[in-house]
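A.B. asks: Protein chains in written order, with the working numbering: chain H, 5 to 355; chain A, 5 to 355; chain E, 5 to 355; chain L, 5 to 355.
Heads up, a few of these hints could be off.
For identical chains, the list gives no copy identity; a pair is met inside one copy or between any two copies.
Taking lysine to any residue and the SDA-like style, the derived pairs with C-alpha atoms no more than 25 Å apart in a straight line are [what the hints assert, rightly or not]: (1) 118 - 319; (2) 58 - 285; (3) 52 - 27; (4) 74 - 28; (5) 132 - 351; (6) 132 - 65; (7) 173 - 68; (8) 7 - 126; (9) 194 - 355; (10) 118 - 259; (11) 273 - 213.
Just so you know, the hints here were simulated from the structure itself, not pulled from any lab data.
4 protein chains.
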Amino acid sequence: MKKVAIVGASGYSGEELVRLLLHHPQVELTAVNSRQNAGRTVAQVFPKFAGHPKSRMLRFTEPNAERLAKLADVVFLALPHGVAAEFAVPLVQAGSIVIDLSADFRLKSPEVYKEFYAQEHPAPELLKRAVYGLPEVYRKQIQDAVLVASPGCYPTSILLPTLPLLRAKLINPTSIIADSLSGVSGAGRKGELDYLFCECHESARPYSVPRHRHLSEIEEQLSLAAGAKVTIQFTPHLIPVNRGILTTLYLAPAEHFNDAPRAAAFGDKIAACYQSAYGQEPFVRLLEGEALPDTKNVVGTNVLEIAWRLDPRTGRLIVLSAEDNIVKGASGQAVQSMNILCGFPETAGLV
Amino acid sequence: MKKVAIVGASGYSGEELVRLLLHHPQVELTAVNSRQNAGRTVAQVFPKFAGHPKSRMLRFTEPNAERLAKLADVVFLALPHGVAAEFAVPLVQAGSIVIDLSADFRLKSPEVYKEFYAQEHPAPELLKRAVYGLPEVYRKQIQDAVLVASPGCYPTSILLPTLPLLRAKLINPTSIIADSLSGVSGAGRKGELDYLFCECHESARPYSVPRHRHLSEIEEQLSLAAGAKVTIQFTPHLIPVNRGILTTLYLAPAEHFNDAPRAAAFGDKIAACYQSAYGQEPFVRLLEGEALPDTKNVVGTNVLEIAWRLDPRTGRLIVLSAEDNIVKGASGQAVQSMNILCGFPETAGLV
Amino acid sequence: MKKVAIVGASGYSGEELVRLLLHHPQVELTAVNSRQNAGRTVAQVFPKFAGHPKSRMLRFTEPNAERLAKLADVVFLALPHGVAAEFAVPLVQAGSIVIDLSADFRLKSPEVYKEFYAQEHPAPELLKRAVYGLPEVYRKQIQDAVLVASPGCYPTSILLPTLPLLRAKLINPTSIIADSLSGVSGAGRKGELDYLFCECHESARPYSVPRHRHLSEIEEQLSLAAGAKVTIQFTPHLIPVNRGILTTLYLAPAEHFNDAPRAAAFGDKIAACYQSAYGQEPFVRLLEGEALPDTKNVVGTNVLEIAWRLDPRTGRLIVLSAEDNIVKGASGQAVQSMNILCGFPETAGLV
Amino acid sequence: MKKVAIVGASGYSGEELVRLLLHHPQVELTAVNSRQNAGRTVAQVFPKFAGHPKSRMLRFTEPNAERLAKLADVVFLALPHGVAAEFAVPLVQAGSIVIDLSADFRLKSPEVYKEFYAQEHPAPELLKRAVYGLPEVYRKQIQDAVLVASPGCYPTSILLPTLPLLRAKLINPTSIIADSLSGVSGAGRKGELDYLFCECHESARPYSVPRHRHLSEIEEQLSLAAGAKVTIQFTPHLIPVNRGILTTLYLAPAEHFNDAPRAAAFGDKIAACYQSAYGQEPFVRLLEGEALPDTKNVVGTNVLEIAWRLDPRTGRLIVLSAEDNIVKGASGQAVQSMNILCGFPETAGLV
């Protein structure tokens with residue numbers, strides 16, 4: 005049994021971490037931190053977890069890095085970027101393992117961080133020690149990590165479907181377009197007018213066009229896979245669901261397939277590529293036949309669904325993915341990383 | 005006062021036609037047809053219109069082309085494709101003006117119709133007499149039309165933003181990608197499991213990938229504007245709103261703008277192009293400043309919103325549009341065509 | 005043409021007033037006030053109204069009673085209680101007609117106000133000049149009013165169905181139970197966590213049990229109708245719709261109807277009572293046959309629907325009502341009062 | 005390990021049974037029946053369960069009682085009433101344990117069944133062998149049952165809060181009013197227009213007023229607890245959520261509490277009554293302090309929340325409950341009964 009703690013446990017990702025870690029068979033949740041809820045029990049803050057006996061004993065406390073380092077072997081940070089780094093530094097120094105859900109340690113370069121997050125990186129010296137926590141890609145590195153930068157929700161939905169194709173040189177790296185739809189929980193539990201029920205219900209809207217912050221980590225990872233700088237198009241949209249991201253990727257195949265035999269042959273390569281990459285992965289589901297991704301089939305799970313279609317009319321490859329933005333896109337994936345680095349079965353507490 | 009009738013008034017488009025025509029200052033609704041509701045008053049079928057005195061007197065009847073031709077100067081067909089053509093033929097022969105909301109008369113070619121709708125065209129001889137009812141493009145032709153083929157909901161959301169750019173040769177016609185989100189009313193009022201509340205709520209899903217029927221009319225209209233055959237990429241998605249289509253267009257500009265002055269100059273051309281095309285249009289709203297389309301700002305109106313962004317990182321032009329799929333995407337646009345061909349103010353009954 | 009102004013035009017009721025007054029055929033909207041939006045045009049703040057030419061010219065300004073009194077014959081106050089009274093006093097003194105949508109002038113007694121709103125009444129001297137703006141009940145008094153206290157949304161949905169029965173002594177005044185469901189817009193456009201999309205979607209919850217502030221005006225009006233003090237049970241619930249109130253009333257008939265003939269006879273009395281009260285009312289719809297109220301049939305309209313059932317098993321009378329909380333429950337009803345006191349047709353701008 | 009089967013596994017309750025039984029630690033799901041899905045794997049019909057290895061091996065088959073009796077120790081029937089009884093008879097004869105989620109065996113009297121379900125009872129001889137599967141009330145009887153009639157969703161939400169009060173004679177049995185709000189899944193997975201997304205979204209509506217079928221089992225159970233015939237008022241409403249029932253109960257206390265000390269004393273009795281009934285129950289949560297039930301806190305769990313308030317103004321007791329209509333209101337409760345009669349821990353597979 006490992007002891008684990010959560011800093012910033014009042015937001016949607018924090019709440020999901022509480023759920024996953026309370027029910028995880030190989031960890032004990034020893035501390036939950038949140039300024040606004042300090043003093044209240046987990047059961048009081050989240051009545052839906054009140055069925056778990058621990059929820060009625062464990063109380064939220066003010067975050068304190070020194071105390072956390074003593075209470076927990078692994079600390080999850082579910083904090084805004086900037087603030088997360090401030091907690092990570094003393095925790096890593098004190099020997100705790102840190103799994104950070106913010107953007108603070110996802111990039112290799114403090115300059116790119118500054119470009120996209122409009123502030124100096126708060127702990128540039130730690131960047132080189134961080135591992136990008138996408139288990140399907142960095143499983144080995146996560147095993148020995150002391151600081152895991154858990155990927156963003158949009159990046160996960162875009163990287164998992166594209167990285168194998170890029171690495172296999174099946175697609176042209178210069179032409180990637182990612183069009184994503186996200187549930188409102190992605191905006192966080194913040195009292196802003198834009199996310200009121202009446203402003204989101206019966207609304208569909210794009211935002212951060214054409215330059216969303218997540219582009220920085222998406223492009224860094226794609227560039228690493230392609231072996232050359234990759235710049236992509238990415239348009240996020242807000243739709244009225246609580247949870248879920250649906251991403252549609254428009255890709256230019258590296259081959260032309262202007263007749264049926266060539267299309268079939270190229271299709272076989274894509275199928276083989278995905279099968280090789282994800283055929284044994286517990287949390288990537290390759291859809292078959294007529295099936296297309298639907299967020300309702302992944303919400304509440306740590307699974308990312310992938311389907312693809314070749315369009316003989318345009319010569320393009322369309323890849324579609326669906327995930328729960330708070331599970332595979334945040335807290336579930338963070339727990340998956342914890343499982344790997346603690347030597348637990350990778351699916352522990354996630355199925 | 006013109007006399008108007010609706011055939012197929014029980015679906016969502018038919019219901020919206022009832023609403024618009026009941027309140028239209030220059031027409032009298034003399035007949036509403038629907039097999040399933042025959043015998044019931046409009047107020048009984050649609051309680052929300054019961055405030056209008058006419059709704060309590062007008063009863064649904066079985067559709068009958070011969071009788072309709074006597075009762076109405078203008079007949080709206082809100083019927084499935086295939087069935088619509090069967091009604092159009094005798095009505096046009098009898099001298100009625102027909103405004104058809106189905107796909108039956110939108111294409112010039114019966115071969116393309118067969119390719120996309122999987123059946124022989126039921127009235128190929130009428131195709132050449134039909135006018136594509138997109139008022140912002142075919143206003144003059146609509147004035148003298150006897151048969152208006154009112155555009156589909158997706159096509160309207162895609163054509164209005166792209167046609168001016170294509171005609172002005174500001175974009176490359178071979179690279180158009182349209183990614184659309186639609187409310188569930190687009191699927192019609194049909195008792196199918198896929199459109200039950202519990203199957204749509206908390207769901208976001210693509211469908212008809214990569215080949216939706218609406219591609220046929222979209223590509224025909226784009227080809228006419230470009231003066232060459234245009235093939236596009238189009239992915240529709242179903243999202244849990246009653247109404248609204250949000251379309252994101254990924255376009256390749258005809259010019260490179262790899263420095264700020266060129267980007268500014270090219271941006272000016274786009275702005276001028278849209279201003280020239282739609283600056284005086286009552287039902288196209290060009291958004292300014294930071295504003296982006298949001299379906300909630302157009303639902304219930306006949307307005308299509310357009311915004312655009314140049315992306316200096318990718319060299320692409322992103323254009324976004326929002327409309328009410330049942331109003332500008334169907335019944336409102338049909339009434340707009342009626343206004344034009346009857347010589348009414350174009351906005352009559354639509355504001 | 006009367007000149008009208010709105011103070012507090014940024015909330016949901018204020019926004020609906022803007023919509024109704026922009027399109028009203030007999031008034032000119034001369035001022036819209038809101039601290040947070042001062043300087044912006046109506047079209048910028050509410051893109052959905054941008055189709056109206058006036059929306060692009062009229063700018064929000066800081067509220068100023070003195071200036072308002074010059075700009076407008078009628079001033080609508082869509083402000084929080086307490087603040088509304090502060091504006092009402094100088095406006096009434098300056099000779100403006102004030103239609104207040106807050107709770108400040110709905111009660112006759114400043115003591116009851118203090119009991120339910122936990123503050124001293126800010127302008128007790130004005131209470132006796134205020135008329136409760138429920139047109140179906142106080143039409144005559146509204147004609148000559150200088151200060152109209154427009155009723156709350158829940159009270160409207162409860163009073164219209166019960167007052168005729170009470171006045172006709174068809175129900176026992178001591179046994180009234182009102183169970184209401186409200187859309188989230190009733191909570192106002194405020195950045196509070198409880199009304200975030202993710203907190204309301206897939207949620208149904210009671211609140212203010214057993215003592216909601218609206219009880220004060222409901223009971224005052226019921227007591228006036230009954231000629232004796234009436235105390236009722238009222239439970240509001242929040243449900244995930246933007247708009248609409250559905251109220252279910254459990255009433256004890258003044259007569260027993262333990263056999264079919266008596267039940268039929270008593271049913272005739274209720275039908276006659278409602279017919280007499282509302283048969284000619286443009287904004288009350290008495291449902292017939294099997295029909296039951298549904299908020300979707302009244303949303304966007306100024307109509308309140310009523311249906312009733314006698315339950316021979318329990319001897320109770322069940323009355324059900326539906327309204328749009330922002331229209332008949334707030335802004336539409338306020339405009340209806342304005343129509344009455346300005347001598348316009350009562351339905352002007354409301355159908 | 006017990007072998008279990010599900011007949012009628014394509015509806016919402018059946019789907020939830022599949023989820024619960026696939027993951028249950030002490031059972032093996034050996035058969036899932038459904039006419040419409042016969043031949044397809046569980047993973048194909050319900051992609052969200054595809055993560056479970058069994059889901060890709062287990063195929064839906066045509067229902068066949070004889071074969072089921074060999075394949076399974078316990079058979080769950082998630083069928084329409086009438087049909088369920090036809091399956092139950094041969095299964096019980098063959099020695100299988102049957103847990104029926106329909107209404108067929110919930111009533112003691114075939115006459116009352118006929119009155120409420122408008123058909124002759126299909127297997128009256130089995131009625132006396134059936135146990136009403138409300139574990140908090142009939143735990144002992146369930147232990148030895150061969151046929152469990154699992155309660156309806158509304159009855160569960162009404163009976164659990166009222167039975168202890170009735171048995172303790174704290175409320176007047178003749179005055180019970182239950183006002184319930186249900187998610188749309190309660191209507192089943194049926195292709196009916198009334199339950200289409202667009203007909204339910206932005207709608208709140210009552211139905212089956214004043215006589216819903218579930219009254220029969222509610223009143224039978226209340227009568228047993230009260231020792232006399234009880235007739236209640238019950239009004240169900242449909243609201244736009246997938247899952248959840250929120251019930252508000254209006255009750256007349258057996259005592260008057262017109263001063264604070266008496267109210268406090270009576271409140272203590274109620275608290276003690278509930279504590280005694282449910283203090284140790286794993287699936288009933290007695291809310292404390294200011295907390296009120298909210299369906300979002302129980303959805304996906306087998307928990308029913310209860311809160312209560314005394315209203316000193318009216319002398320009434322208001323009790324509120326929330327549950328997931330498909331879990332505690334159907335499939336979860338059925339699994340809870342299975343746990344009891346198989347001798348498993350009662351919470352197995354349910355937390």
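A.B. asks: All hints, please: hold or fail.
C.D. replies: Results for each hint:
In this homomeric assembly, residue 118 and residue 319 come within 25 Å of each other (Cα to Cα) only across copies, at 23 Å, whereas the closest approach inside a single copy is 38 Å. Proximity of residue 58 to residue 285 under the C-alpha cut-off of 25 Å is restricted to the inter-copy arrangement: shortest distance 16 Å between copies versus 32 Å within a copy. For the identical chains of this complex, residue 52 and residue 27 are neighbours both inside a copy (13 Å) and across copies (20 Å), given an alpha-carbon limit of 25 Å. In this assembly of identical chains, residue 74 and residue 28 lie within 25 Å of each other by CA distance solely inside one copy; the values are 21 Å within and 37 Å between copies.
Taking CA atoms no more than 25 Å apart as the test, residue 132 paired with residue 351 passes in neither setting, with 28 Å inside one copy and 47 Å between copies. For the homomeric pair residue 132 and residue 65, neither the shortest alpha-carbon distance inside one copy (31 Å) nor that between copies (53 Å) is at most 25 Å. Proximity of residue 173 to residue 68 under the C-alpha cut-off of 25 Å is found in neither arrangement, the shortest distances being 47 Å within a copy and 52 Å between copies. For a Cα distance limit of 25 Å, the shortest separation of residue 7 from residue 126 qualifies neither inside one copy, at 27 Å, nor across copies, at 57 Å.
In this assembly of identical chains, residue 194 and residue 355 lie within 25 Å of each other by CA distance neither inside one copy nor across copies; the values are 29 Å within and 30 Å between. When the C-alpha separation of residue 118 and residue 259 is checked against a cutoff of 25 Å, the pair qualifies neither within a copy, at 38 Å, nor between copies, at 31 Å. For the identical chains of this complex, residue 273 and residue 213 are inter-copy neighbours only, at 20 Å across copies versus 34 Å inside a copy, given an alpha-carbon limit of 25 Å.
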